[in-house]
Amino acid sequence: MRSGEIREYADSDGSYGPVTTQYAHFEGVTLESGVFLGPLTVAYETYGTLSRKRDNAVLILHALSGDAHAAGINPNGRTGWWDAMIGPGKGIDTDKYFVVCSNCIGGCKGTTGPPSVNPETGKPYGRSFPRVTIADMVNVQAMLVQHLGIEKLHNVIGGSMGGMQALEWAVTHPEMVKSAVVIAATARLSPQGIAFNWVGRNAIYSDPARVNTALEQAHVYQKMGRGLAVARMIGHITYLSEETMEAKFGRNRTFRDVDGYRYTLGENGKEDGEFEVESYLEHQGSTFMRRFDEDSYVVITKAIDLFDLEGTYGDLSTAFKNITAKMLVVSFNSDWLYPTSMSMAIVRSLQAGRKDVSFVELDLPYGHDSFLVSAGIPSLTRIIRGFLNSVR
Amino acid sequence: MSAEKGLVRTPFHEFEVGFNIIVDLIKPGTRVLDLGCGTGTLLQRLRDEKDVEGCGVELNQEKVIKCFERGIRVMTLDLDEGLGGFPDLSYEYVVLSRTLQQLMYPEMLVREMLRVASKSIITFPNFGHWRIVLEFVRTGRMPFCATHPHPWYNTPDIHRLTIKDFRDFMKQLGGKIEREIHIINNTPREDAFWGPRRAEWGCFLISAV
Numbered sequence: 001m002r003s004g005e006i007r008e009y010a011d012s013d014g015s016y017g018p019v020t021t022q023y024a025h026f027e028g029v030t031l032e033s034g035v036f037l038g039p040l041t042v043a044y045e046t047y048g049t050l051s052r053k054r055d056n057a058v059l060i061l062h063a064l065s066g067d068a069h070a071a072g073i074n075p076n077g078r079t080g081w082w083d084a085m086i087g088p089g090k091g092i093d094t095d096k097y098f099v100v101c102s103n104c105i106g107g108c109k110g111t112t113g114p115p116s117v118n119p120e121t122g123k124p125y126g127r128s129f130p131r132v133t134i135a136d137m138v139n140v141q142a143m144l145v146q147h148l149g150i151e152k153l154h155n156v157i158g159g160s161m162g163g164m165q166a167l168e169w170a171v172t173h174p175e176m177v178k179s180a181v182v183i184a185a186t187a188r189l190s191p192q193g194i195a196f197n198w199v200g201r202n203a204i205y206s207d208p209a210r211v212n213t214a215l216e217q218a219h220v221y222q223k224m225g226r227g228l229a230v231a232r233m234i235g236h237i238t239y240l241s242e243e244t245m246e247a248k249f250g251r252n253r254t255f256r257d258v259d260g261y262r263y264t265l266g267e268n269g270k271e272d273g274e275f276e277v278e279s280y281l282e283h284q285g286s287t288f289m290r291r292f293d294e295d296s297y298v299v300i301t302k303a304i305d306l307f308d309l310e311g312t313y314g315d316l317s318t319a320f321k322n323i324t325a326k327m328l329v330v331s332f333n334s335d336w337l338y339p340t341s342m343s344m345a346i347v348r349s350l351q352a353g354r355k356d357v358s359f360v361e362l363d364l365p366y367g368h369d370s371f372l373v374s375a376g377i378p379s380l381t382r383i384i385r386g387f388l389n390s391v392r
Numbered sequence: 001m002s003a004e005k006g007l008v009r010t011p012f013h014e015f016e017v018g019f020n021i022i023v024d025l026i027k028p029g030t031r032v033l034d035l036g037c038g039t040g041t042l043l044q045r046l047r048d049e050k051d052v053e054g055c056g057v058e059l060n061q062e063k064v065i066k067c068f069e070r071g072i073r074v075m076t077l078d079l080d081e082g083l084g085g086f087p088d089l090s091y092e093y094v095v096l097s098r099t100l101q102q103l104m105y106p107e108m109l110v111r112e113m114l115r116v117a118s119k120s121i122i123t124f125p126n127f128g129h130w131r132i133v134l135e136f137v138r139t140g141r142m143p144f145c146a147t148h149p150h151p152w153y154n155t156p157d158i159h160r161l162t163i164k165d166f167r168d169f170m171k172q173l174g175g176k177i178e179r180e181i182h183i184i185n186n187t188p189r190e191d192a193f194w195g196p197r198r199a200e201w202g203c204f205l206i207s208a209v
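Just so you know, the protein sequences line up as chains W and X, in that order. The first sequence begins at 1 in the numbering used here and counts up by one. The second sequence begins at 1 in the numbering used here and counts up by one.
Source of the hints: derived by calculation from the structure; they are not laboratory data. The C-beta atom is built at its ideal place from N, Cα and C for all residues, glycine as well. Check before you lean on any hint, since a few could be wrong.
Stated by the list, open to error - So, partial list: chain W residues that the calculated Cβ filter (under 7 Å) puts toward chain X:
id, residue
1, Arg348
2, Val360
3, Arg382
Claimed, not checked - Here are the simulated DSBU-like pairs of lysine-lysine, each with C-alpha atoms no more than 30 Å apart in a straight line:
id, chain 1, residue 1, chain 2, residue 2
4, W, Lys178, X, Lys27
5, W, Lys96, X, Lys66
6, W, Lys152, X, Lys27
7, W, Lys355, X, Lys66
8, W, Lys53, W, Lys321
9, X, Lys50, W, Lys178
10, W, Lys355, X, Lys50
11, W, Lys355, X, Lys164
12, X, Lys63, W, Lys178
13, W, Lys355, X, Lys63
Stated by the list, open to error - Take a look, some chain W residues computed to stay more than 10 Å from chain X by CB distance:
id, residue
14, Gly14
15, Gly17
16, Ala24
17, Pro39
18, Arg52
19, Met143
20, Pro174
21, Ile194
22, Ile237
23, Ala247
24, Asp272
25, Gly376
Whole structure, please, built from the sequences with the hints as guidance.
Here's what the structure looks like:
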């Protein structure tokens, strides 16, 4: 690990080095719904060193399909999902900050969620997992932060669902956050966003394997159908922009159907993707089947759907009344899922409350996922580094 | 300085003197909103020299990013869409430097400035300078000079104005002119003979009546 050098632009090169996921155990948590969920395990990773004054902690908040492994290389040889941003000399500099990232409650990457065993039945929760909200995710993160001996975070930062959490942190835990970065997020999910999530969950619900499966065995058989893959494909369409799809795939074909009259039949009588965009989505869906739990997908998308600070507090200005954190809101002009207008709604309400808010709309063509795309990293790196430096 | 080339590019055009004047006009420890803040040079000076709590507004992405790198609070907003998000009198000063003549709706924005801050500072290139007027009369063509360096068909300066125009504008808007500074040969003057015809730049400190 090199030290002290500031890097203008970084790749996902795993330069932080080897990391392993750690686990914190808690008795449980009372969810927003009033349901007590316990015992509770939280999977997390840390990078860098906590300062003596314990004032240099940055909490990373992952999006829908993310996990605690944000940077470095884990024992499976996988590089963290935001490794281009987090590491020595990178935008979130691990030489300077103590960086923490945890898997959200309801997830399937080590933190208690649907695949975890329900102590009452001795079987996985599956779809009987209680409803969780973005606020529940944040409360569990706060438990972890306190467990790590941190009273006040230098910063909380996340994109998409992570951005919702960053906002929720600033609203409900003002005493614990000095600053928050809200990327490609919204204070209330739009009906369009709810609609896409609904279609995704319906793909899972209409899985033929699911219908014939006894509830208590749900988890065992869940991966037999392709509902989750379809849900992921729909998701991926919404994360990209038309421009990116054009540039990345165009109308290119992976192969040509020589007969021209019938669909090329692949496995199980299913059509193989002929266009590159089709095989891309196919690949994304299939990979997702292997790495994600469909019940977690249901639980987390539901939490996203329910996120509505405006509805919860009456209006956004009231929701933001207690915010003391220095705020940074980032949007992407090609993001049509969480468009700039939604970030502007957050910004305007913060302004009305005379909060310390910065706002930048980045001109990047990669859609909602711009904060994860390597070509989007250089500008984001400069902005985040500058912002984190300016937080006192 | 040859007549063909028009006015030379004065240091004010690079804006060293201009910033000095603005910095002098601003009381320490205040809140300042800088519209069209560029890379944050003025706000950085105000922060370092006058302990000012600043916020910039800028549309150019590269400039916005520079502001972040300097630790300047900044927002990507289009001034032609007004200052809707800013509450009444939320700043002590709002600065509009070298940008007035480039706005699509100058009247709307200046009204907004008077609403958002108790005092506004506006600087602009003076189209009423005698050399510009002379060039216009002599050649019959749109003057091309240091303060207006672009040809008419490709210029950001879409609303050219003179110092006297600005005085009339204030009467029209009901704004009060508290200070009127003329930049003549790179020197700020407030009592110069024939000032509105000799100034390359005008700098006004105004407030709502």
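request  = Hey, is W:Met143 genuinely clear of chain X, shortest beta carbon separation above 10 Å?
outcome  = Nearest chain X Cβ is 32 Å from W:Met143, so the label holds.
ask   = Taken at face value, is the distance from the CA of X:Lys50 to the CA of W:Lys355 at most 30 Å?
value = Cα-Cα ~21 Å, so holds.
inquiry  = What's the verdict on X:Lys50 and W:Lys178, does the C-alpha distance respect the 30 Å limit or exceed it?
reply    = 24 Å, holds
inquiry  = Would the hint linking W:Lys355 and X:Lys63 be met if the CA-CA limit is 30 Å?
reply    = 23 Å, holds
task = Quick one: work out the minimum CB distance from W:Gly17 to chain X and report holds if it exceeds 10 Å, violated otherwise.
result = Since the minimum Cβ distance to chain X is about 27 Å, W:Gly17 lies beyond 10 Å and the statement holds.
message = Hint W:Arg382 vs chain X: min CB-CB distance below 7 Å?
response = 5 Å, holds
query = Is the Cβ of W:Gly14 farther than 10 Å from every Cβ of chain X?
reply = Answer for W:Gly14: holds, closest chain X Cβ roughly 26 Å.
query = Would W:Ala247 pass as off the interface with chain X, using Cβ distances and a cut of 10 Å?
reply = Check passes; 20 Å lies beyond 10 Å.
Consistency of the no-contact label for W:Ile237, given chain X and a CB cut of 10 Å = Consistent with the label, W:Ile237 stays out of reach of chain X, its closest Cβ about 27 Å off (over 10 Å).
key: Minimum Cβ-Cβ distance from W:Ile194 to chain X exceeds 10 Å   = 26 Å, holds
key: Proposed proximity, X:Lys27 with W:Lys178 (alpha carbon, max 30 Å)   = 28 Å, holds
query = Does X:Lys66 lie within 30 Å of W:Lys96 when you go C-alpha to C-alpha?
reply = Holds. W:Lys96 to X:Lys66 sits at ~21 Å (cutoff 30 Å).
Checked against the numbered hints above, the structure breaks hints 6 and 11 and satisfies the rest.
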